[in-house]
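One-letter residues, chain by chain:
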Amino acid sequence: MSEPLLSPDRFFAPEPAQRRIARELYEGIADLPIVSPHGHVDPALLADEDATFGTPADLFIIPDHYVFRMLYSQGVSLESLGIPRRPDAPAGPASETDHRKIWQVFADHFYLFRGTPSGVWLAHELYEVFGIRQKLTAATAQAIYDELADKLAQPAFSPRALFDRFKIEVLCTTDGPADSLAQHRRIRESGWPGVVRPTFRPDAVTNLSLPAWKANIEALGAVVGREITTARGLVAALEERRAFFKSMGATSTDSGVETPYTETLSEHDAEAIFARARAGKATPDDVRRFTGHMLLEMARMSVEDGLVMQLHAGCDRNHNPLIQATFGPDKGADIPIAIEWVRSLKPLTDRFGNDPRLTLVLFTLDETGYAREMAPLAGHYPALRLGPPWWFHDSINGLARYFDQVMETAGLYNTAGFIDDTRAFVSIPARHDVWRRTSANWLAGLVVRGMIDMAEAVEMAADMATGLARRTFKL
Amino acid sequence: MSEPLLSPDRFFAPEPAQRRIARELYEGIADLPIVSPHGHVDPALLADEDATFGTPADLFIIPDHYVFRMLYSQGVSLESLGIPRRPDAPAGPASETDHRKIWQVFADHFYLFRGTPSGVWLAHELYEVFGIRQKLTAATAQAIYDELADKLAQPAFSPRALFDRFKIEVLCTTDGPADSLAQHRRIRESGWPGVVRPTFRPDAVTNLSLPAWKANIEALGAVVGREITTARGLVAALEERRAFFKSMGATSTDSGVETPYTETLSEHDAEAIFARARAGKATPDDVRRFTGHMLLEMARMSVEDGLVMQLHAGCDRNHNPLIQATFGPDKGADIPIAIEWVRSLKPLTDRFGNDPRLTLVLFTLDETGYAREMAPLAGHYPALRLGPPWWFHDSINGLARYFDQVMETAGLYNTAGFIDDTRAFVSIPARHDVWRRTSANWLAGLVVRGMIDMAEAVEMAADMATGLARRTFKL
Amino acid sequence: MSEPLLSPDRFFAPEPAQRRIARELYEGIADLPIVSPHGHVDPALLADEDATFGTPADLFIIPDHYVFRMLYSQGVSLESLGIPRRPDAPAGPASETDHRKIWQVFADHFYLFRGTPSGVWLAHELYEVFGIRQKLTAATAQAIYDELADKLAQPAFSPRALFDRFKIEVLCTTDGPADSLAQHRRIRESGWPGVVRPTFRPDAVTNLSLPAWKANIEALGAVVGREITTARGLVAALEERRAFFKSMGATSTDSGVETPYTETLSEHDAEAIFARARAGKATPDDVRRFTGHMLLEMARMSVEDGLVMQLHAGCDRNHNPLIQATFGPDKGADIPIAIEWVRSLKPLTDRFGNDPRLTLVLFTLDETGYAREMAPLAGHYPALRLGPPWWFHDSINGLARYFDQVMETAGLYNTAGFIDDTRAFVSIPARHDVWRRTSANWLAGLVVRGMIDMAEAVEMAADMATGLARRTFKL
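Chains as they are written, first to last, in the working numbering: chain B, 1 to 475; chain X, 1001 to 1475; chain R, 2001 to 2475.
Think of the hints as simulated: they come from the structure by calculation, not from any bench.
All values derive from a computational prediction rather than experimental measurement.
Hints may contain errors.
What the hints assert, rightly or not - Straight line, CA to CA, 25 Å or less: simulated DMTMM-like cross-link-like pairs of lysine to aspartate or glutamate:
no., chain 1, residue 1, chain 2, residue 2
1, R, K2331, B, D355
2, R, K2135, B, E459
3, R, K2346, X, D1316
4, R, K2135, B, E456
5, B, K346, R, D2285
6, X, K1346, B, E340
7, R, K2101, R, E2147
8, R, K2474, X, D1108
9, R, K2135, R, D2150
Stated by the list, open to error - Coverage of chain B stretches by chain X, computed from C-beta distances (three or more under 8 Å per stretch; other residues unrestricted):
no., region
10, 11-23
11, 73-81
12, 96-105
13, 112-122
14, 317-326
15, 395-402
For each residue, glycine too, the CB sits at the ideal point set by N, CA and C.
With the sequences and hints as input, model every part of the structure.
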């Protein structure tokens, strides 16, 4: 093969002066450790020295909705990709269990990922992490499957081995409010030196619209040892659980909401809504107001206990009822929606926006708010920071749009560095590499346009790679 | 003249490495045939071997609202450009009938088109299609008029001759539901081998707010041979006409709506609204709901008869009442508005989004939906494809924004290739050339940034030029 | 120091062919006079030959909310920056009065402005206007303070001397409806040849939500010599004041509104709302409707008296109640919001959009309207022109987005050139220089992509630098 499968200058602008500077900046940060303040890796992977990733299909396809939603959009059935059907799914074909067949379907359609971030990450994983030396195609699929399966069986490719090889300094997971953090405890007690921290995510009990909400409340009640029958009781339970998470190493929380609406409910209204929810009678307006109220409560608790607060907004989840009924939630049918920050967040900023004890990191799926609302908000309120591009927008162009639209108004130092937010453990270095390369390229563009000098660029590159994330998340 | 009027490298990035690759990719697709799945060319132009385009003003100015709206915005009266006044227009000056004078006004103001897509297309038409060898200015206007008029009188510049010279493989027109398709029949029966297909556009009878709605319903009733007095009757008539259009070669339908709102009305509600409309008492809410209901009906019919469904949304048409009263509708006063897709389209995607028999191609005038809503929708639902940039956004920068904001999330293969959507027949090659050049330049950018390799780029370029349009529209 | 603090090629694309052309175009316009049709410079600065700018902190920090909001967002207190507290402010530390200390805090945090427009302007002011030859850092702060203080005491750095050195051809201020324009009179009567014109800004009396509205109405009544007790009386007073402003050299008005909503109120409704406002009982809906009504009245008056009308929309002002209570309004807590133009402006365009006597210049903080609404509106209505990027968007990238999203559809000649809109007098040349450089770079991009030729680019560059502003504002 005459040219390498991964260009050493990938994602850099082609103009030679900018490319030379981008490369120089990148070389200065490429080997820095990885700080991962938020993501969805299952801690069980790291709790056991002998844990493995399973087959190539287990690793690359079955759990990754980024991957299978693209194939589905082109008419490939989720059953043929081995996505498990719900026990109560409507009648239909069984899911494929032969992982070689699943892999072949994936390889047959690998061209669909041309020019996409999934394509970029998969290439990094195959050709860099696993050292595959030929392009994945229909013809090479089975040989590559063999090679991957062989490597996945080796200790050098165990989760812990890769954790070290990836130079992960700290990895934060995301955990429900009733979670015992048993896997985190096992990691700590195992003597393995890797740093894995939990993150407190209360959505399961603050989002009244979830079908499992009542069950979630009961589970939380069981964990705190008393039935939760009031909003006040819920708040007390959350405070207790935050303290526990903090004792287990957590430095932040995370809330995922459809819109960033906030509101301070009177005690009477909060209790009335909670009571309606318990009776299964919460209205959509109840859901919205209670979620907004709980965001304010979470901010208040952060002021008190110092946990950094993350807020992810702008997604209409599980848009496709057939997919949800057949395969369950979170199966690639989540669609961003337009959201509003300025009025929505005002009750929260009015109370806590000037408080130096709060750090609130905002994430959006609606890029139109970058320059219009989010950068001006973060460029004023001491409590606010902007998270990096999230989900669909964590891509080569999405990062460029973020740099273009956010940085001039917010300033680099009101941003939070990079957050990979992935459940695909082996994609972590791929995602950080894309961020570091596009960061270096952005800074090189500022240098060649005379907006910053090289000394400034070197400092900024290091901050973008690790410093901002470390400081924002108190890691 | 030392430099050519059209640069051979126009629209390519200036950086030499990217430009070299862009040129190479472009050369591979520049001479492919033109597939034109949707547009507004009058089939009468091609029905008669001896049809001509008229004068240069008839060809370039009078029918082209892209052109005269720009002149009007700078204080040039539409009368001076020969735009015909309505018989019932308010008092005012007569429209100019001397086409040489009209042409001179156009030439005097040709500088207004600097850097605009109209300027790009007009340059292609003048300097490439008609071989004019001097810049159009006030001074050269009359000489160029002479040369154009001379050529327009030659058989080599007849519509059919240009159809062949442009290498048009297939051209689809847009036709009302009551249209007899007589011109299409004449084309078929003439023995001329050019392929011209109709497209079924039901708006005249599904948009209750049109002043001519009742007359349109009557015309449709006359064509199907029975009075249409109910919503059910309207649906039956549409089914019948779709079958007729299909028999005449149609492979698609087109609906133009203000917003993509959809809703399944109960039979009772549909009939009640229809009755109110017949009585001239439809409310704005009736209009919105009935349009949304008919979109669902159109989707259902597409599932049944296999016609591809196009949906164009996001335009506030005829915004200027003075222009409408004086010159009629569609005179350059159409303004895009913000629209929402995720909730609006959900009734339709819930019913048909997973159905492999449906292909629904979405077009927007609100670019903020590209990355936020449309690409994620098309990147999930098998039935959805994204049309190319439409109208105002079919421009050099508009295409670049589309590539930037759509492709990473939707993937190239969930897009529908290029659709010129023009009523200006001689602009067809200009528009496809802009698409092919900007496509080649975009792909070259991916190559030089190491995201795809050259073999992939070559395949993708050919798909963008013709393959995607052919497959999406079943041509 | 081996490299200059300001690159001679700053803000130009790095690609050599484009950069060479950009530099050539820029050199042709760099020394043109400055036409400043709208801004917030205090005319008192120029009314007195001996006026000075005060200390470096007085000049660069204390009055500039662009500067101190960025420092505040990173935890620097406004008190430490010398921002004066309101007499009725809540308890808190006194504001710093030692300007050397303030300067040191600023210098300590100067890195926050890396890559921001404020950073670019400050660099121009320090290194170009004041000839500082070392980078501002914590270490150099006091030496630079000395040098600046020394120069600020020299006649060569007086406001009038800089006015001449900056080659300001005309400078327009912004003045309240009750303003006596005494400073403008002093300038005229001083014999100094600088041209300074007032601009009529009626917001103080048309925005019913202002706490000072009643006082403002009384002040206006005092100036016109009769109590204003009705909407009709207000309109008459505005007409009288416009005539006075015009007699004092004004060529334009300016209205700043949250949204561009317009409506023609009946006389009855207008008077009823006015009466409620006088009684302190105006509702939010009253505020919105009355503002919309007054916009229509302002447009009507412009048709009659020929003053150009400016409309700035899209800002939620004074978002932070703590900052407002402590330091007053306009202290860096203004946040853009989404706005809608197409339906909002329709009552105005219906009445006056086709009137050649009206020039209405639109400004927005919501960039999503550029390509979707504003460019199509300006590309149709003879009365409409688009102002340049405003406030947060008057930045290197903001200008590039504007050129990208506006010019193809509106055409260059429906834009209004550059407007610096600054209250920071010494930033005027910096802002125009950024515009001229980014304009030259944009035009160079069109040239290298074969969209315009060099002769066209030269004409367009000159129009962008001065011609469009002169013609639009009748200067």
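The hints, checked one at a time:
For the proposed pair K2331(R) and D355(B), the alpha carbon gap of about 18 Å is at most 25 Å, so the pair holds. Distance restraint check for K2135(R) and E459(B): the Cα-Cα separation of roughly 16 Å lies within the 25 Å cut-off, and the hinted pair is therefore satisfied. Taking the CA atoms of K2346(R) and D1316(X), the gap is near 11 Å; set against the 25 Å cutoff, the hint holds. For the suggested pair K2135(R) and E456(B), the alpha carbons sit about 12 Å apart, so the restraint of at most 25 Å is met.
This hinted pair checks out: K346(B) and D2285(R) have alpha carbons roughly 20 Å apart, not beyond 25 Å. Proposed proximity of K1346(X) and E340(B) is supported: the alpha carbons are some 21 Å apart, at most 25 Å. Between K2101(R) and E2147(R) the CA atoms are separated by roughly 16 Å; this keeps the pair inside 25 Å, and the hint holds. Taken as a hint, the K2474(R) and D1108(X) pair is honoured in the structure, with Cα atoms around 23 Å apart against an allowance of 25 Å.
Among the hinted pairs, K2135(R) with D2150(R) is consistent with the structure: their alpha-carbon atoms are about 18 Å apart, no more than 25 Å. With 5 residues having a beta carbon nearer than 8 Å to a beta carbon of chain X, the region 11-23 of chain B meets the requirement of three or more and the stated coverage holds. Under a criterion of three residues with beta carbons nearer than 8 Å to beta carbons of chain X, the stated coverage of the region 73-81 of chain B is upheld, 3 such residues being counted. For the region 96-105 of chain B, the stated coverage by chain X is not satisfied: 0 residues place a CB nearer than 8 Å to a CB of that chain, which falls below the threshold of 3.
Under the rule that three or more residues need a Cβ within less than 8 Å of chain X, the assignment of the region 112-122 of chain B holds, with 8 such residues. Three residues within the 8 Å Cβ limit are the bar, and the region 317-326 of chain B against chain X gives 5, so the coverage statement holds. Residues of the region 395-402 of chain B lying with their CB closer than 8 Å to a CB of chain X number 5, which satisfies the three-residue condition for coverage.
Checked against the numbered hints listed earlier, the structure breaks hint 12 alone; every other hint is satisfied.
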